[in-house]
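In case you want the letters, here they are:
Protein chains: 2
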Amino acid sequence: MKRYTIIVAAGSGLRMGAPVPKQFLAVCGKPILMHTLQRFHDYDRHMELIVVLNEDYRAYWTELCEQYEFVLPHRIVSGGRERFHSVKNAVLSIGELEAVVGIHDAVRPMVSLETLARCFDGALEFGCAVPTVVVNDSVRLIDGNENRSVDRSKVRVVQTPQCFRLSLLNRAFEQEFDPLFTDDASVVEALGEKIHLVEGNRENIKITTAGDLRTAELLLA
Amino acid sequence: MKRYTIIVAAGSGLRMGAPVPKQFLAVCGKPILMHTLQRFHDYDRHMELIVVLNEDYRAYWTELCEQYEFVLPHRIVSGGRERFHSVKNAVLSIGELEAVVGIHDAVRPMVSLETLARCFDGALEFGCAVPTVVVNDSVRLIDGNENRSVDRSKVRVVQTPQCFRLSLLNRAFEQEFDPLFTDDASVVEALGEKIHLVEGNRENIKITTAGDLRTAELLLA
Chain G
9 MKRYTIIVAA GSGLRMGAPV PKQFLAVCGK PILMHTLQRF HDYDRHMELI
59 VVLNEDYRAY WTELCEQYEF VLPHRIVSGG RERFHSVKNA VLSIGELEAV
109 VGIHDAVRPM VSLETLARCF DGALEFGCAV PTVVVNDSVR LIDGNENRSV
159 DRSKVRVVQT PQCFRLSLLN RAFEQEFDPL FTDDASVVEA LGEKIHLVEG
209 NRENIKITTA GDLRTAELLL A
Chain W
9 MKRYTIIVAA GSGLRMGAPV PKQFLAVCGK PILMHTLQRF HDYDRHMELI
59 VVLNEDYRAY WTELCEQYEF VLPHRIVSGG RERFHSVKNA VLSIGELEAV
109 VGIHDAVRPM VSLETLARCF DGALEFGCAV PTVVVNDSVR LIDGNENRSV
159 DRSKVRVVQT PQCFRLSLLN RAFEQEFDPL FTDDASVVEA LGEKIHLVEG
209 NRENIKITTA GDLRTAELLL A
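Protein sequence lines, in the order shown, are assigned to chains G and W.
Each residue of the first sequence is one higher than the one before, starting from 9 at the first, in this note's numbering.
Each residue of the second sequence is one higher than the one before, starting from 9 at the first, in this note's numbering.
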């Protein structure tokens, strides 16, 4: 079955104090988003790659591709108000009856080929597959003014790509937007679907801080 | 009030496939445990440092100190069966009526001086203070064969040093050992005490994997 990946790069967050959103920052000689696209292409060179960009950065991205002579084929879709709307735009742009679709954060270039295989294979088999990792530290849950320890063996930190059958995604994104949709799995879960978890890889961090950027520089070298 | 820190280095875990437990591995020119001790000394040079070691590694540590000309004053206490027993041995070795006591993982050399101030000040004011950080990723809780997303704004990942008034620790470690004691805060919590949370620092990771070791090499440079 044909595979698609939607790379969500619509964020315009400038939290790191950088002049451009972090997906455009160069790590090991090229923008993070190019590393991410390359990783998916390395996993399956027949996969169709869809990049969701904020309109304001569309021309800038084209310029970057020219500057870095980045020729890996991909299609651009415009971002929406929230992640939900961005992903919905991309899902609606897929003209197939059925496919396996991954949805991935642009700032996670360190996803391993093994994680990609587990996610796409899992979605083909179970309808959806979401990569997670365990936590090495104790975990507490805040409950009003109190907090309590939770059994950390029951806690999973969720990564991407979150992978789904296209037919399931189409149904999920027909729903009204809800602020409780914190990721794509939560949109599918709202349909009453069970979320199938697979093993992610610890290096597959979401590059958020300057420290993460230094870690990425090291791991992608 | 006088400050003490118990550095728990009793683990003999060889999970990284290294020839010695990870607290003895060299990062940026010296064993991790030496970086950790130095950090606490930098925060308060009058603080008394107690290192809990497995008997089998006592001579080895003495050798390392000679080899690296490490002269920072510290006292050695023998480890017990579980972390609970190791920490208890160290707590009982403190001959004071009252003090503020930090309990810290040997393999967390990247704790910041700001985190240390928040923990020791918090314990003085509230009786106990535990450093935590928020999670940037979605979080799920496993519940039998099911799993559900939890509001990640309510989740805190717990670090060390977990700091307490000595009188509180003395009462806590009089309790019988319970396998549910996953960290020192959970021992104190079993008394019915409320755990006061303070902000940790993201770099203050527990060095567990080879990847963490590379991150530490970068951050301690």
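Since the hints were derived computationally from the structure, they do not count as laboratory data.
Where hints are given, some of them may not hold.
Stretch by stretch, here's where chain W covers chain G in the computed footprint (C-beta under 8 angstroms, at least three residues) [unchecked claim]:
{"id": "1", "stretch": "52-62"}
{"id": "2", "stretch": "125-137"}
{"id": "3", "stretch": "164-178"}
{"id": "4", "stretch": "204-215"}
Below, computed lysine-lysine pairings styled on DSS-like, alpha-carbon distance capped at 30 angstroms [said to hold, decoys possible]:
{"id": "5", "chain 1": "G", "residue 1": "LYS214", "chain 2": "W", "residue 2": "LYS214"}
{"id": "6", "chain 1": "W", "residue 1": "LYS38", "chain 2": "G", "residue 2": "LYS162"}
{"id": "7", "chain 1": "W", "residue 1": "LYS38", "chain 2": "G", "residue 2": "LYS202"}
{"id": "8", "chain 1": "W", "residue 1": "LYS162", "chain 2": "G", "residue 2": "LYS214"}
{"id": "9", "chain 1": "W", "residue 1": "LYS38", "chain 2": "W", "residue 2": "LYS214"}
{"id": "10", "chain 1": "W", "residue 1": "LYS214", "chain 2": "G", "residue 2": "LYS162"}
{"id": "11", "chain 1": "W", "residue 1": "LYS214", "chain 2": "W", "residue 2": "LYS202"}
{"id": "12", "chain 1": "W", "residue 1": "LYS202", "chain 2": "G", "residue 2": "LYS38"}
What follows is a set of in silico ranges between Cβ atoms, one per label pair, in the way DEER data are often shown [what the hints assert, rightly or not]:
{"id": "13", "chain 1": "G", "residue 1": "CYS73", "chain 2": "W", "residue 2": "ARG89", "range": "54 to 64 angstroms"}
{"id": "14", "chain 1": "W", "residue 1": "SER161", "chain 2": "G", "residue 2": "ALA198", "range": "38 to 48 angstroms"}
{"id": "15", "chain 1": "G", "residue 1": "GLU71", "chain 2": "W", "residue 2": "ALA125", "range": "41 to 51 angstroms"}
{"id": "16", "chain 1": "W", "residue 1": "GLU74", "chain 2": "G", "residue 2": "GLU74", "range": "53 to 63 angstroms"}
Note that CB positions come from ideal geometry on N, CA and C, so glycine has one too.
Hint check:
no.	hint	in the structure
1	52-62	violated (count 0)
2	125-137	violated (count 0)
3	164-178	holds (count 4)
4	204-215	holds (count 4)
5	LYS214/G x LYS214/W	holds (19 angstroms)
6	LYS38/W x LYS162/G	violated (36 angstroms)
7	LYS38/W x LYS202/G	violated (49 angstroms)
8	LYS162/W x LYS214/G	holds (19 angstroms)
9	LYS38/W x LYS214/W	holds (17 angstroms)
10	LYS214/W x LYS162/G	holds (19 angstroms)
11	LYS214/W x LYS202/W	holds (25 angstroms)
12	LYS202/W x LYS38/G	violated (49 angstroms)
13	CYS73/G x ARG89/W: 54 to 64 angstroms	holds (60 angstroms)
14	SER161/W x ALA198/G: 38 to 48 angstroms	violated (19 angstroms)
15	GLU71/G x ALA125/W: 41 to 51 angstroms	holds (46 angstroms)
16	GLU74/W x GLU74/G: 53 to 63 angstroms	holds (60 angstroms)
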